[in-house]
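J.: Sequence:
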Amino acid sequence: MKRRFSLFCTLLIILLSVTSCQSNNSSNVNNTEQISLTRLIKYKDSDVGNNLAVSNILSNLPGALYVKQISLQTKSSPFGISVDYGLRQDTNVKESNLKEYWSEKNTKKIFLNNATTLFILINNVATVNFNVNHQSFSISREELKNFYGRDLNEYANKTALWEKEIFKETLNSNEKIDEFYKIHSIAIK
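Using mature numbering (1 follows the signal peptide of the UniProt record, and there is no 0), the letters of the sequence shown map in sequence onto residues -22 to -1, 1 to 167.
There is no bait here: all hints are sound.
Calculated cross-link-like contacts (lysine-lysine; reagent style BS3-like; alpha-carbon spacing at most 27 Å):
#1 K72 with K167
#2 K53 with K20
#3 K20 with K123
#4 K22 with K46
#5 K160 with K83
#6 K46 with K83
#7 K136 with K20
#8 K22 with K136
#9 K123 with K22
#10 K83 with K167
#11 K123 with K136
#12 K46 with K87
#13 K22 with K53
#14 K87 with K72
#15 K154 with K83
#16 K83 with K146
#17 K86 with K154
#18 K136 with K86
#19 K53 with K123
#20 K160 with K86
Just so you know, the hints here were simulated from the structure itself, not pulled from any lab data.
Owing to the predicted nature of the structure, the values given are computational and were not obtained by experimental measurement.
Turn these sequences into a full structure, and let the hints steer you where they fit.
T.: Structural data, given as structure tokens:
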């Protein structure tokens, strides 16, 4: 009987560990270096109306732990996505963690990355809006296309190019990020 109980406890611990690891993989992306293009690319060619795809994309991006609400504008064109970030009741995150995580530098990088990713993977999204800590940021597909100098959907079919031009050359460059925000500022509410 003791042996069965011991075996049961061991299996339970293994099961809980595996489940915990799987659930944490998507919601603990803290920065752009932790993004898995392999996880994201399966959502390429999604549409704004596919709320599960939009939610899954955001759960694999920086800031996922702070996503409070996702609103999809699908009634008429132009289609859009709005994401409100903040403290959620289903986490143990404190206000001080929220403020530290959403520092000015981190916020700029996250907003640029997350908007870029949504435009790469979701075909019919025309605008993206993010809100956090009395800050708001809106950007259109056309504005990001002009910034990168190419149609963003190209990156979905060329992940090596996505890795090189978006992650390495843009998001790892404070100069490029500053250049972007000189034209596209984050509004204070």
